[in-house]
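One-letter residues, chain by chain:
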Amino acid sequence: DAGVIQSPRHEVTEMGQEVTLRCKPISGHNSLFWYRQTMMRGLELLIYFNNNVPIDDSGMPEDRFSAKMPNASFSTLKIQPSEPRDSAVYFCASYPGGKGNTIYFGEGSWLTVV
Amino acid sequence: QKEVEQDPGPLSVPEGAIVSLNCTYSNSAFQYFMWYRQYSRKGPELLMYTYSSGNKEDGRFTAQVDKSSKYISLFIRDSQPSDSATYLCAINTGTASKLTFGTGTRLQVTL
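Line by line, the protein sequences are chains A and B. Quick note on this note's numbering: the first sequence kicks off at 1 and runs consecutively. Quick note on this note's numbering: the second sequence kicks off at 1001 and runs consecutively.
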C-alpha cells in the first residue's frame, strides 16, 4: 500500500495568495483527517470526514480555511487568502474504521507564507 | 486544562540509557492509548497501541497505562541514536476515530 499521499510536500507563497493542499487517503479507509502542526500548538485537528461527509470542522481556524472531499480517494484543504501565521506543517491522515484502530498519517505539506 | 498533557522536552540521553516518556490526561472516558513516533520532517507513525491498564511490550519498547491515575508512559530500553525523534501520545474514547494528541516530547539519543 502506498500510504497516505500528500502534495505539495513544500510550498512557499506570498501573503494573500490562495493555497491548495491535496491528499489521497489509503484505499478502503472511510475517514480522513486534516491536521496542522506547529511548534507552539503541536498537532491540531482541523477537520475530519467520514464517508466523504464533513463530520467535525470545529478546528478550522476561520473562514479563510475550507476543505472538501469530493470522493473517497481525494481531499483538498484550501487557504484563501493565506497569512504568515498559517505557516505550519499540514498533515492528512486516514482511518480504516472499526473500534480500536488508529489513523495513518501522510508525510505532510510544509507551508511557508511570507 | 488541556485534555492531554505532555512534557515537550527536549530530552537528551546517552546511548544505552532507559528512557521514560509520560503523558497525563483528564477525561476518564478515554479508552485507547497510543504512542506515535515522528522523525524530523516526517509524519507521525504508530509505535505502540493499548486499550487496557497495565504493560504492553514490543521489543525494546514498553507502553504502560494507569487508568486510575490517568497516566501513560512509554519506556525505551537500550536506547539507540535511531530512537531520536519526537514521541507523541494519543488517546481516544474508542467511540470515534478522533484522537487527542499530546504536544510531543523531543528525544535525542547521543553516542
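Among the hints, erroneous ones may be present.
Mimicking DSSO-like on lysine-lysine, the simulated pairs with C-alpha atoms at most 27 Å apart in a straight line are [to be verified]:
1. A:K68 / B:K1056
2. A:K24 / B:K1067
3. B:K1067 / A:K78
4. B:K1070 / B:K1056
5. B:K1098 / B:K1002
6. A:K78 / A:K68
7. B:K1098 / B:K1042
8. A:K68 / A:K24
9. B:K1070 / A:K68
10. A:K78 / B:K1056
11. A:K78 / A:K24
12. B:K1067 / B:K1056
13. B:K1042 / A:K24
14. B:K1002 / B:K1056
15. B:K1056 / B:K1098
Don't read these hints as lab results, they were simulated from the structure. As the structure is a computational prediction, the values presented were derived from the model and not from experiment.
Here is what the structure says about each hint:
no., hint, verdict
1, A:K68 / B:K1056, "violated (39 Å)"
2, A:K24 / B:K1067, "violated (36 Å)"
3, B:K1067 / A:K78, "violated (40 Å)"
4, B:K1070 / B:K1056, "holds (17 Å)"
5, B:K1098 / B:K1002, "holds (16 Å)"
6, A:K78 / A:K68, "holds (8 Å)"
7, B:K1098 / B:K1042, "holds (21 Å)"
8, A:K68 / A:K24, "holds (12 Å)"
9, B:K1070 / A:K68, "violated (36 Å)"
10, A:K78 / B:K1056, "violated (41 Å)"
11, A:K78 / A:K24, "holds (15 Å)"
12, B:K1067 / B:K1056, "holds (14 Å)"
13, B:K1042 / A:K24, "holds (17 Å)"
14, B:K1002 / B:K1056, "holds (26 Å)"
15, B:K1056 / B:K1098, "holds (23 Å)"
Checked against the numbered hints given earlier, this structure breaks hints 1, 2, 3, 9, 10; the rest are met.
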